[in-house]
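Asker: Chain residues, written in single-letter form:
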Amino acid sequence: MPIQVLPARLANQIAAGEVVERPASVVKELVENSLDAGATRIQIDIEKGGIKLIRVRDNGFGIAKNELTLALSRHATSKLSCLDDLEKILSLGFRGEALASISSVSRLALTSKTAEQSEAWQAYAEGRDMDVIVKPSAHPVGTTIEVSDLFFNTPARRKFLKSEKTEFQHIDELIKRIALARHDVSIVLTHNGKTIHQLRQGIDETQIQKRLSSICGSTFAQHAIRFSKEYHGIELSGWLLAPDYCGNTGDIQYAYVNGRMMRDKVIAHAIRQGFDGYLSAGIQPNFVLFVNLPPSDVDVNVHPAKHEVRFHEARLIHDLIVQTVQSVLEQMSGHLQFNQEAMVDETPGVTNIEQGFQPSVQLKAHSQPQTGFQSTSYQSGGGYSSGSGYQSKRDFQPEKYQQALEALNENVVTSAVVEQEYVQGLMLLKDRYLLCTFDGELWLVDGLRVLQQKFRQEATRDDKVVKSRPLLLPVKIAMTDIEIESLDTSQTLFRQLGIEIETGQSHILLKRVPACISGGDLSDFGAGLLAWAMQETDQTSLVDWIGFWMLKHRQLKKTQLEHWLQTLVPEDFKQAYQQCGRKVDMKTLIQSTFAEEVIA
Amino acid sequence: MNRPESEETLLERANILAGLKLRELANQYAVAMPDNLKREKGWVGQFIEMVLGAEAGSKPIPDFPHLGIELKTLPISLAGYPLETTFVCTAPLTGITGSTWETSLVKSKLNRVLWIPVVAERSIPLEERIIASPMLWSPNAEEEMILRHDWEELMDMIALGYVEQVSAKYGVALQIRPKAANSKALTEAFNAEGEPFLTLPRGFYLKKQFTGAILQRYFSGG
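In the order they appear, the protein sequences are chains A and B.
As numbered in my numbering, residues 1 to 600 make up the first sequence, in order.
As numbered in my numbering, residues 1 to 222 make up the second sequence, in order.
A portion of the hints provided could be inaccurate.
[What the hints assert, rightly or not] Within a straight-line C-alpha distance of at most 30 Å, the following computed DSSO-like cross-link-like pairs (lysine-lysine) qualify: (1) K48/A - K107/B; (2) K207/B - K511/A; (3) K583/A - K558/A; (4) K21/B - K511/A.
Treat the hints as calculated values from the structure; they're not laboratory data.
This one's a predicted model, so the numbers in the text were calculated from it and none came from an experiment.
So that you can see chain A by itself, here it is in the shape it has in the complex (with noise of 0.2 Å):
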């Protein structure tokens, strides 16, 4: 094969492969560009875990209209211009490649308004070379992107996809970090059309409180001791869990390091060391840590997915870490030892507003406002890994799962109705009679007179047995010796017709009937059932009975009937329609008060 240059779309593909590993980085990469557009409100709407949809809607500054084609192409960025400026990156992204691997393997529709604009425009890529068109849409200032069927055109990569439910937790636990960096933004995370969060503004300490404790729940918003500490412009804040309340899943181990969410050794490992003697083995710390330094002082350019960092001084880092910690397990647990570079909150919740937390990058822009966000196109590099790195092959579909789910929930012979169109029911009148329309016409049909066919054609099958359910708890149904003998002669009749009946002393008990009954009072049809016995000894009468029974407890259902219409043997199919009912036209129909009328 000779040496060709790659079409854009492969190029990006298979950057994508490192950026875009699940619908989580795609979200991570779409969040983080509305936060690097200054957005103080982001809703971001998922559907199927973020496998069908994954919708982030801002109200940044929006992309301008000569810039939208670019914001597409790979390499394209407002974040930097220059090697230099990455020195001193404090956007989240910068390698200007997500949005272009990302619509190189989903359906990605880019929408956005600047201030200065008078109108929206939309923006999409596509076919081999991602040629990008621009169209006229409406929208306020902001941007949307909604991304549609992830990965519908790799799909080897479609099959390390988990359930939708993994795939929605990988989301959910991103956006939970993402907003306790940020509490200056508020942000909506809906799931299948439900809101999964909804975290306000945090402004004051209170709403810090409140979000904290809605992120982190409500141990550790009432357990965790605030902190904030600086060293030589590097600073260090936020929560810690007292020891005591540490469990052994850590599910709260946030780091970031200059509002960059991190899962770094080095960190860990000195919280692990400075947490040394006050967790019993397997025991987790929770903490939530901000790192702040001057950008020039660590390298976020490692990997892709930005989840390591270099610092320059990775040691002077750590034992600052350490120490902090330290010190401030040492003031919750009474040792306390006065430091004077220490400035630990004791409680939470006290009002100190100067050594609150603060987003870096917002900080951190104002004195250095060239690397800030003003500029308006939309960029963002990276992509996210989740930090749990286990992958497996599978082409599990949940959907059906949930489909045959609800099936079984709603009732087991729904199911057929949808392979024959003759029957469609209308609606039940009187728990009786069903207005249906077959073969293009109005019917009205007694039910009665349908269940009593279904179980004459059951009857008469080769097995001659009705369908039947077990009851999972048996009636049990006093009685005398007598009664139980009569009961007794017509064992066989009742088998055939889906009834099970175990005699004992002084007692029966039924434990099986007709799969049609799904309710009801049992020990009313056990009774019943005797009164029948003590009379009558023909099957003819025993279904009659048993229709008038469900009559009376209301257990003709109308998607029962339909299914029985529409399973009456076809050759009796008209003859069976007129047995049990007629046609009818709606004018008889509005006349006639009483169905019975009509019938008879």
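Knowing the structure of chain A, use the given hints to seat chain B on it.
Answerer: Chain B in isolation, oriented as in the chain A frame:
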């Protein structure tokens, strides 16, 4: 009780129990009942095992090894919904290299299960609790697929050292939870760096939704 020689015998025996109160059954076998289950959580299960003639005890083989049938009592509400998750087996945390679903203990344990639901709402005293109809169950293709996917996902996490991150939230039908008499009993596992560490032993459990769906389908005649 001697061991049942066939599936039919076993099911027959189980069917006879349906509808009986625990007191009635205990009287029949002249077995003394505890007042409550605080100290003997597994009493109901053991008692029914005895009545049906199970022999495996807590060994990692089915309760009726010659029939390949596992016995599970399932506490349910009066409405027929499971009240608790169902323990399947301990989750191996070490020595799991190369294990597959096909050879897993979970699969062999759930291959064929005789469910004995027992109405066990807290408000009902132990001796008044009623044994419900038995259900002999094997996972259908769909259920087995769900179980397999859950098992693979959970075992992936264990193998890659994320034992501590596995919460009961993972999995559609199966979940992994700590299983120990107290927080002192620890077992060995590996962390994300591949180093051994001590943690609580874990067990595989069936979620209530899953067992609930099985009951629902069976007892609605499906």
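Asker: Determine for every hint whether it applies to the structure shown.
Answerer: Status of the hints after comparison with the structure:
1. K48/A - K107/B: Holds - the C-alpha atoms of K107/B and K48/A are around 29 Å apart, at most 30 Å.
2. K207/B - K511/A: holds, 27 Å
3. K583/A - K558/A: The hint holds at about 18 Å.
4. K21/B - K511/A: holds, 15 Å
Of the numbered hints stated above, none is contradicted by the structure.
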